[in-house]
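Q: Since the structure of chain A is already known, use the hints to place chains B and C on it.
Chains as they are written, first to last, in the working numbering: chain A, 14 to 277; chain B, 81 to 433; chain C, 648 to 946.
Honestly, I wouldn't trust all of these hints.
[Unchecked claim] Computed footprint of chain C on chain B; a stretch qualifies when at least three of its residues, placed anywhere within it, have a C-beta under 8 Å from a C-beta of chain C:
| id | stretch |
| --- | --- |
| 1 | 177–186 |
| 2 | 335–344 |
[As the list claims (entries may be wrong)] Derived EDC-like pairs (lysine to aspartate or glutamate); straight-line CA-CA distance at most 16 Å:
| id | chain 1 | residue 1 | chain 2 | residue 2 |
| --- | --- | --- | --- | --- |
| 3 | B | K212 | B | E174 |
| 4 | B | K258 | B | D282 |
| 5 | C | K851 | B | E154 |
| 6 | B | K258 | B | E199 |
| 7 | B | K291 | B | D100 |
| 8 | A | K46 | C | D840 |
| 9 | C | K895 | A | E237 |
| 10 | C | K759 | A | D263 |
| 11 | B | K150 | B | E174 |
| 12 | B | K316 | B | E361 |
| 13 | B | K258 | B | E110 |
| 14 | C | K851 | B | E110 |
| 15 | B | K362 | B | D296 |
| 16 | B | K362 | B | E303 |
| 17 | B | K316 | B | E402 |
| 18 | B | K151 | C | E842 |
| 19 | B | K108 | B | D282 |
| 20 | B | K163 | B | D245 |
| 21 | B | K184 | B | E154 |
| 22 | B | K362 | B | D422 |
| 23 | B | K151 | B | E134 |
| 24 | B | K163 | B | E239 |
| 25 | A | K46 | A | D241 |
| 26 | B | K291 | B | D425 |
| 27 | B | K163 | C | E842 |
| 28 | B | K163 | C | E788 |
| 29 | B | K212 | C | D802 |
| 30 | B | K163 | C | D840 |
| 31 | B | K316 | B | D328 |
| 32 | B | K187 | B | E174 |
Just so you know, these hints were derived from the structure itself, not from any lab. Model, not experiment: these values are computed from the prediction. Where is the CB? At the ideal position from N, CA and C, for every residue including glycine.
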Amino acid sequence: MRNGYLALAFHTLFILFSVAPLMVICLVAFTDKGYLSMPFDGASLRWFYAILDNPEFIDAFWFSLYLGIASASIALVLSVPAALAISRHRFPGRDGINAFLLSPLMIPHLVLGVAFLRFFTALDLNGTFVGLVLAHTLLIMPYALRLVLSGAVGIDPTLEHAASSLGASRLTTFRRITLPLLMPGVVSGWVLAFITSFDELTMSIFLASPSTVTLPVRLYNYIEETIDPLVTSVSAVLIILTMLLMAVLDRIYGLERLMIGKGQ
Amino acid sequence: MSYLSLNNLSRHFGDFTAVDNLNLDVSKGEFISLLGPSGCGKTTTLQMIAGFLEPSSGQILLDGEDITRKKASERQLGIVFQKYALFPHMTVAENVAFGLEMRKVAKDETRIRVREALELVQLDHLAARYPKQLSGGQQQRVALARALVIRPPLLLLDEPLSNLDAKLREEMQLELHKIQRTVGTTTILVTHDQAEALALSDRVVVLQQGKIEQIDSPFNVYEYPQTRFVSSFLGKANQLQGQVGRIDAQHAEVELDGQALLTNGDNLSAGQQVHLSLRPEKVRFVARGEGQLDGVVSNRVFLGNQWIYEVDTRLGEFLVFETNHNHREGAREGDRVGLTWDPVDLRVIQEAV
Amino acid sequence: MNAANSASPARQTASRAPRGPYWLLSPALLFYTLLLIVPIGMTALLSLYAFDDILGIQQQISFNNYLEVLTDPYFHKIFLRTLVMSVLVVLVCVALGVPEAYILNRMGSPWKGIFLLVILGPLLISVVVRTLGWAILFGREGLISESLQLLGLSDGPVSLMYSQTGVVIALVHVLVPFMVISVWASLQRLDPDTERAASSLCAKPWTIMRRVVMPQIMPGILSGSVIVFALAATAFATPAIIGGRRFKVVATTAYDEFLNTLNWPLGAAIAVILLLANVAIIASYNRYIERKYAQVFES
Numbered sequence: 014m015r016n017g018y019l020a021l022a023f024h025t026l027f028i029l030f031s032v033a034p035l036m037v038i039c040l041v042a043f044t045d046k047g048y049l050s051m052p053f054d055g056a057s058l059r060w061f062y063a064i065l066d067n068p069e070f071i072d073a074f075w076f077s078l079y080l081g082i083a084s085a086s087i088a089l090v091l092s093v094p095a096a097l098a099i100s101r102h103r104f105p106g107r108d109g110i111n112a113f114l115l116s117p118l119m120i121p122h123l124v125l126g127v128a129f130l131r132f133f134t135a136l137d138l139n140g141t142f143v144g145l146v147l148a149h150t151l152l153i154m155p156y157a158l159r160l161v162l163s164g165a166v167g168i169d170p171t172l173e174h175a176a177s178s179l180g181a182s183r184l185t186t187f188r189r190i191t192l193p194l195l196m197p198g199v200v201s202g203w204v205l206a207f208i209t210s211f212d213e214l215t216m217s218i219f220l221a222s223p224s225t226v227t228l229p230v231r232l233y234n235y236i237e238e239t240i241d242p243l244v245t246s247v248s249a250v251l252i253i254l255t256m257l258l259m260a261v262l263d264r265i266y267g268l269e270r271l272m273i274g275k276g277q
Numbered sequence: 081m082s083y084l085s086l087n088n089l090s091r092h093f094g095d096f097t098a099v100d101n102l103n104l105d106v107s108k109g110e111f112i113s114l115l116g117p118s119g120c121g122k123t124t125t126l127q128m129i130a131g132f133l134e135p136s137s138g139q140i141l142l143d144g145e146d147i148t149r150k151k152a153s154e155r156q157l158g159i160v161f162q163k164y165a166l167f168p169h170m171t172v173a174e175n176v177a178f179g180l181e182m183r184k185v186a187k188d189e190t191r192i193r194v195r196e197a198l199e200l201v202q203l204d205h206l207a208a209r210y211p212k213q214l215s216g217g218q219q220q221r222v223a224l225a226r227a228l229v230i231r232p233p234l235l236l237l238d239e240p241l242s243n244l245d246a247k248l249r250e251e252m253q254l255e256l257h258k259i260q261r262t263v264g265t266t267t268i269l270v271t272h273d274q275a276e277a278l279a280l281s282d283r284v285v286v287l288q289q290g291k292i293e294q295i296d297s298p299f300n301v302y303e304y305p306q307t308r309f310v311s312s313f314l315g316k317a318n319q320l321q322g323q324v325g326r327i328d329a330q331h332a333e334v335e336l337d338g339q340a341l342l343t344n345g346d347n348l349s350a351g352q353q354v355h356l357s358l359r360p361e362k363v364r365f366v367a368r369g370e371g372q373l374d375g376v377v378s379n380r381v382f383l384g385n386q387w388i389y390e391v392d393t394r395l396g397e398f399l400v401f402e403t404n405h406n407h408r409e410g411a412r413e414g415d416r417v418g419l420t421w422d423p424v425d426l427r428v429i430q431e432a433v
Numbered sequence: 648m649n650a651a652n653s654a655s656p657a658r659q660t661a662s663r664a665p666r667g668p669y670w671l672l673s674p675a676l677l678f679y680t681l682l683l684i685v686p687i688g689m690t691a692l693l694s695l696y697a698f699d700d701i702l703g704i705q706q707q708i709s710f711n712n713y714l715e716v717l718t719d720p721y722f723h724k725i726f727l728r729t730l731v732m733s734v735l736v737v738l739v740c741v742a743l744g745v746p747e748a749y750i751l752n753r754m755g756s757p758w759k760g761i762f763l764l765v766i767l768g769p770l771l772i773s774v775v776v777r778t779l780g781w782a783i784l785f786g787r788e789g790l791i792s793e794s795l796q797l798l799g800l801s802d803g804p805v806s807l808m809y810s811q812t813g814v815v816i817a818l819v820h821v822l823v824p825f826m827v828i829s830v831w832a833s834l835q836r837l838d839p840d841t842e843r844a845a846s847s848l849c850a851k852p853w854t855i856m857r858r859v860v861m862p863q864i865m866p867g868i869l870s871g872s873v874i875v876f877a878l879a880a881t882a883f884a885t886p887a888i889i890g891g892r893r894f895k896v897v898a899t900t901a902y903d904e905f906l907n908t909l910n911w912p913l914g915a916a917i918a919v920i921l922l923l924a925n926v927a928i929i930a931s932y933n934r935y936i937e938r939k940y941a942q943v944f945e946s
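Bound conformation, chain A alone:
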């Protein structure tokens, strides 16, 4: 079955709609003017150099990077045993526990932000790196768990029986058979968790203090004040980095599978 002209016209408009705002950002970032304008009558890299003079963006970038790495790693450490338990065993409360572990997906980020603000204020953890790591770990756990789980469900349990029948101990079986087979799920779970943490705004905005600002929060605060070419060049860099990451991911895992993990 082929698409007709009408369908292709619709498709073209849809794609244009999808990329328009991102294209505009990338174009405006190259302007040589001091205000928002298209670079067609004068392009320069001045706004990219300007990022270097604004360490608050660079600091926020590194902060978000560390935050994402730390929380994605903790989320994975918690997810792998949980995913193995859920995929391998039948036990009372299994479905309930599974739903409970995925439940943060149903909680608006705003509510999580409010709840953690209240909680961390009581514990005197508010505005700390530790607090943000804990909050982000909870937020991204469902994404990590779901991808690890879908990887674990696909592993044929008879492979492990085969390994033990050949004389492998339980630890060896886990290390040599289960873990390598689980690796695609673990890697993709980590990446999706990291990206979700790195992009998060709504919850983080409640928890950030002047010394713990993530990049999206920094961008948001800046945009609240003013929209100038500097914020577009920072965004353009983010867009390009994300595209590079996407290309790598697509090679390794297949972006489609990852995205379906994010969507449902």
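A: Quick look at chains B and C alone, frame taken from chain A:
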């Protein structure tokens, strides 16, 4: 007078020729099988008849009308798909009624015809179920009822039994045969299963690499294969090659590797190179030296109704089938045996060597 | 379950709860208890406290905050506005996302893969960045305003900033990939032969669409709608940047109560209402889908 004609039908996919200048005439009420291995062009041919693929060249005539460029939805054919393609969101009755609804058949008549069609496939008691709640065999019957209820001029079956297990497949073969004879719809079946083709059809079309190898009745295709491909694709065959020697009124002698074998000598001339085919079930064991050929049993397998032997001979390995009717075990591995057969059963294949 | 099962000793040992899975789950469950149950519980408690402009938070339990939110016309307006906006976003996402997923599914490789990347890729870019792009496009001197004037569709500069239309457009852009994925996933399960079967039974293309394709991808459209609705109703960044102070929704209102007015108990009450509404909508939608389609799509 042919009812369906395929005239010089071809289909190319880029450089690949899936169907190559195919000619076929089908009479009204006939059951035809397109038989061949995967990639032989049988499915492509079916899709062109159905209207899902346009032929690269050639013509399709149905009841005198040229339907080559007609849309699938206007050809009014009944089609049973390999995986049935039942609408999962409709009940059995709704599935069967769909085609009638598209033809704006009145409600009352629809109800009657749906019930008749379901009775024909013995599923009237499951009319309210959804496809997912049925077994594979039952889904198959629904698909058949859905295709037949519109009273199509032509019924197309695309490997309809390939998703059923062996036992169910045999049952459905008998069932399908009976139903087709009852309704009398001209039918084209695509299959790679030779047993299915032989059991169901009036004529079998054997295809290979987009070309017709042979069109014949099931008996003739099996007994008188015209090409080496047909003789080996349908059933098992011992294939030999030799040179025609002496010819007399009844027989011709074929020289193989210093050994002369008798065959019936129609249309042969001395000195000609020929292929020979011998069905394993036509070969019998005799005492050593008393048959046409001596050998040693190298392997044997018991299948319940018959034995399969592999016998080493000076002409290579021979396959022998022996029916299990002797109340005793036959030859054993290592036995030295003689092999014999009726010279008529040693078929000459009229194909260029 | 039944007598035969419980009578069999072999069955009994097999069904006795193994300890292993609980050990494996314990770190995650402990973490969730500390960082999900406790904070949400504390927030629920906070929402029952009173707030005084001078004295701050007062630990007297009452439902006054909820009464205020549920009776004050100001909050009614904000909740209604959020609801209308979210419904509009869902409708536009269905209108755009469903045909696009279908068209995409009919494309051959490599286009299918490339365009899927183009459509889904923005999901990996921060919402702040994506919304910024729309803010630039929507301004009085933005591209949209200029092209509308150029085409003669408008006399003066037009700004979509701080308007419902602007927020809906930007939110559709942020959320439509979820609809595409969801429909795409259900299209993957659709047997293309069912379309052919319908066509062989004389159905016209439009009929095939309406009677054969749409019903089969309905679960995908519905679950996509739930995701889009839930995310639109609770979205913060896009309404905050595009809608600003003039187009306030529930999320931005709660944010203001917390960080500007510092009325934490009231903000907590709004958050709790938002949470309950969200969970209720998702749960009832899921129930509906399960009940409606269990028979059809499960064996």
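Q: When you check the alpha-carbon spacing of K151 of chain B and E842 of chain C, does it fall within 16 Å?
A: holds, 14 Å
Q: Need the status of pair K258 of chain B, E110 of chain B: alpha-carbon distance at most 16 Å?
A: holds, 13 Å
Q: Given the hint that K316 of chain B pairs with D328 of chain B, test it: the Cα-Cα distance must not exceed 16 Å.
A: violated, 30 Å
Q: Given the hinted pair K163 of chain B and D840 of chain C, is their alpha-carbon gap at most 16 Å?
A: Judged against 16 Å, a Cα distance of about 8 Å means the pair holds.
Q: For a C-alpha distance cap of 16 Å, please report whether K187 of chain B and E174 of chain B respect it.
A: Distance ~12 Å between K187 of chain B and E174 of chain B Cα, so the pair holds.
Q: Does the structure keep K258 of chain B and D282 of chain B at a Cα separation of 16 Å or less?
A: holds, 13 Å
Q: Within 16 Å, alpha carbon to alpha carbon, are K212 of chain B and D802 of chain C?
A: Cα-Cα ~60 Å, so violated.
Q: Check whether the Cα positions of K851 of chain C and E154 of chain B lie no farther apart than 16 Å.
A: The hint holds at about 9 Å.
Q: Within a Cα-Cα threshold of 16 Å, do K291 of chain B and D425 of chain B meet the stated pairing?
A: It is violated: about 27 Å lies between the C-alpha atoms, which goes past 16 Å.
Q: Are the Cα atoms of K851 of chain C and E110 of chain B separated by 16 Å or less?
A: violated, 30 Å
Q: Examine the stretch 177–186 of chain B: at least three residues should have C-beta closer than 8 Å to a C-beta of chain C.
A: Per the Cβ count (4), the hint holds.
Q: Taking only the CA atoms, is the gap from K150 of chain B to E174 of chain B under or equal to 16 Å?
A: violated, 27 Å
Going through the hint list in order, the structure does not satisfy hints 2, 8, 11, 14, 15, 26, 28, 29 and 31.
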